[in-house]
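J.: Chains as they are written, first to last, in this note's numbering: chain L, 1 to 117; chain F, 1 to 232.
Since the hints were derived computationally from the structure, they do not count as laboratory data.
One or more of the hints may lead you astray.
To be verified - Here are the simulated distance ranges between beta carbons:
hint	chain 1	residue 1	chain 2	residue 2	range
1	F	I173	L	T6	15 to 23 Å
2	F	E86	L	A80	23 to 31 Å
3	F	R121	L	V74	51 to 59 Å
4	L	T110	F	L47	41 to 49 Å
5	F	L10	L	W83	33 to 41 Å
6	F	A148	L	E16	18 to 26 Å
7	F	L10	L	V88	34 to 42 Å
8	F	F221	L	A80	28 to 36 Å
9	L	A81	F	E87	42 to 50 Å
10	L	T6	F	S3	18 to 26 Å
11	F	L48	L	L44	44 to 52 Å
12	F	L104	L	T110	21 to 29 Å
13	F	L48	L	L92	28 to 36 Å
14	F	L5	L	L92	41 to 49 Å
Unchecked claim - Not the full set, but computed from the structure, chain L residues with beta-carbon under 10 Å of chain F:
hint	residue
15	V2
16	M21
17	L57
Just so it is clear, the structure is predicted and the values come from calculations on it, not from any experiment.
Where a beta carbon is used, it is the ideal one built from N, C-alpha and C, also for glycine.
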Amino acid sequence: MVRGLTLLLLFQFCGEFISRMLDLPIPGKVLGMGLLLLGLMTNLVKIKWLEEAAELLLSNMALFFVPAGVGVMVYGDLIAAEWLPISVATILSTFVVMAVTGKLAQKLETPEQGDVE
Amino acid sequence: MWSDLVATPLFGVALTLLVYLLAQHLYRRVGSVLVNPVLVSIVTIILLLKGSGVEYRDYARGGDIILFLLGPSVVALAVPLYQRREEIWQRKRLILIGIFAGSLASIFSACGLAWVLGGSREVILSLAPKSVTTPIAISIVEKIGGIAPLTAALVVLTGCLGAICGPEFCRRIGITSPVATGLAMGTAAHGIGTARMLEVDRLGGAVAGLAIGLNGLMTTFLLPILMAFSGF
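The following block holds chain L by itself, in its conformation from the complex:
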């Protein structure tokens, strides 16, 4: 548990460090995910060190977004000023993206499964 959390935070720290040092457009935590995946693939990091901590965090991930959502209250005036284009564009576009990505991926997935790669 402690070992897993330590590893996750260390990888996040490395990601943060590289992102800032090279001034990359990718956030440190996303880079940290990539680095950890690399570590797992190259067997430098054993999956069993991480499983318990990762399970705990991932199964509660939705909770961690609650404070971010509460933060929206501070910008209420900004949204109210142009509420119509903002709300219509936000809502419809979210469904458009899901439909385009999901439909296309599903179309491509069916024949590809038979491929030998």
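Assemble the complex: chain L is given as a structure, and chain F must be docked to it using the hints.
T.: Relative to chain L, chain F alone:
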């Protein structure tokens, strides 16, 4: 005495956990996606803060502690990605194409709709990266000239919407594969969509996690190019 106590991190942490726990309970009881625990918690906490006159600043002292755990959670997405690496690698082509198409669809539909409805230039630009994870969206919007706080709020709202309606919407329009659903959720609704997807299907959740990073990268590079071409 009350205001001193409210200004400690204990208040924000305890309030968030308590409300979320009750919201989860309600969700299990009612069993409808409309009472999504994240949305119910956000709305309840905002109403409680407004009603009691507690400043957002004071709440955030504790809220930030919970928000901090998002960092290692995103790093932890490497675990399901590694566990399902073979299934994901097999589908690398459709994953890349799906996210690329989603990234373009997001920019065009969000900006186009706002433009048609008479949104100002700043608002249109602030909407462009709304499906991208917050830190990437903020860095994009600062570069192209939108309003960063507005984008931050829109990213969260988009995520909640996708998390609430995503799986049901995908099923209704005939998207049945967990990989395609995960891709749709991660590309449209970034981390919040991924968190929801992890509850529905682990492989789908892993793919959604991958889509957060890839959609962020694609949008980062696509937006300035599209703006240069369209002269917007």
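J.: Sort out which numbered hints this structure fails and list those numbers smallest first.
T.: 1, 2, 3, 10, 15, 16
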